[in-house]
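Build out the structure end to end from the sequences listed, making use of the hints.
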Amino acid sequence: MIAATVTVVLGKYFERKKDIEAHYREKKTQIYDEFLCKLLKLFHSTSENNKEIDDLVSFLQEWQRKIILWGEQDVLLNYINWLERLKEGKNDAKVMFMMEELFLEIRRDLGHKNNKLVKGTFTRLILKNPKIFLSIAENNPDVTLQEVAEAEKNLVNLQ
1 MIAATVTVVL GKYFERKKDI EAHYREKKTQ IYDEFLCKLL KLFHSTSENN
51 KEIDDLVSFL QEWQRKIILW GEQDVLLNYI NWLERLKEGK NDAKVMFMME
101 ELFLEIRRDL GHKNNKLVKG TFTRLILKNP KIFLSIAENN PDVTLQEVAE
151 AEKNLVNLQ
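Residues 1 to 159 in our numbering are what the sequence shown spells out, letter by letter.
Calculated directly from the structure, the hints in this document are not laboratory data.
Cβ atoms here follow ideal geometry from the backbone N, Cα and C, with glycine treated the same way.
Mixed in with the good hints, there may be bad ones.
[As the list claims (entries may be wrong)] In the DSSO-like style, the derived pairs of lysine-lysine whose C-alpha atoms are separated by at most 30 Å in a straight line are: (1) LYS28 - LYS94; (2) LYS90 - LYS28; (3) LYS66 - LYS94; (4) LYS128 - LYS113.
[What the hints assert, rightly or not] Label-pair restraints from in silico Cβ distances: (5) PHE43 - HIS112: 19 to 29 Å; (6) THR121 - TYR24: 17 to 27 Å; (7) PHE43 - GLU15: 33 to 43 Å; (8) LYS128 - LYS18: 34 to 44 Å; (9) ASN129 - GLN64: 29 to 39 Å; (10) ILE126 - ALA22: 22 to 32 Å; (11) LYS94 - LYS18: 36 to 46 Å; (12) LEU155 - GLN64: 32 to 42 Å; (13) LEU56 - ILE136: 24 to 34 Å.
Spelled out as structure tokens, the structure:
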């Protein structure tokens with residue numbers, strides 16, 4: 001009788017724990033998806049509209065509140081490090097790779113494996129000419145995105 005009671009209680013406990021984890025994962029997925037949608041929209045935008053920048057700033061302020069409440073600690077730490085680098089005005093290869101680390105932590109927080117994802121995986125999805133960027137960044141991790149853009153233009157002019 002005691003064994004049956006313990007079995008039922010443990011079963012209910014683990015079922016409830018699983019339900020809570022599923023709810024957290026659903027909420028986190030929504031929050032991370034909002035962030036990725038906004039960020040990728042900015043990367044793929046062709047204009048340098050100040051309104052877009054202002055919208056992004058207000059979005060990030062609201063998103064930070066959500067990540068404080070729902071984000072796993074490594075996601076939060078990677079986000080803070082990436083944001084600090086951006087605030088320093090360093091628009092370089094390190095910023096891109098720090099962003100990749102943030103993406104990896106987001107995936108890990110949602111329960112995904114990352115063991116087959118190599119450095120540059122997400123850069124390949126975001127940049128127009130990722131091979132050029134990765135080639136230059138491998139030799140010079142301090143290369144700015146502006147310098148990469150100039151190298152791309154030079155290659156186009158040579159063709």
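Status of each hint after checking the structure:
1. Among the hinted pairs, LYS28 with LYS94 is consistent with the structure: their alpha-carbon atoms are about 26 Å apart, no more than 30 Å.
2. Distance check on the hinted pair: LYS90 and LYS28 sit about 29 Å apart at the alpha-carbon level, within 30 Å; holds.
3. A hinted pair counts as satisfied when its Cα atoms are at most 30 Å apart, and LYS66 with LYS94 qualifies at roughly 26 Å.
4. The suggested pairing of LYS128 with LYS113 holds, with an alpha-carbon distance near 26 Å, which does not exceed 30 Å.
5. Between PHE43 and HIS112 the beta carbon distance is about 21 Å. The supplied range of 19 to 29 Å therefore holds.
6. Taking 17 to 27 Å as the suggested C-beta distance range, the pair THR121 and TYR24 conforms, at roughly 26 Å.
7. Between PHE43 and GLU15 the CB atoms are about 42 Å apart, so this pair conforms to the stated range of 33 to 43 Å.
8. Range check, LYS128 to LYS18: Cβ separation about 43 Å, and the 34 to 44 Å hint holds.
9. A hinted range of 29 to 39 Å holds for the C-beta pair ASN129 and GLN64, which are about 32 Å apart.
10. A C-beta distance of roughly 30 Å is found between ILE126 and ALA22, which places it inside the suggested range of 22 to 32 Å.
11. Distance hint check: the CB atoms of LYS94 and LYS18 are about 39 Å apart, consistent with the given range 36 to 46 Å.
12. For LEU155 paired with GLN64, a C-beta distance near 38 Å keeps the hint of 32 to 42 Å intact.
13. Distance hint for LEU56 and ILE136: a CB-CB separation of about 26 Å, consistent with the stated range 24 to 34 Å.
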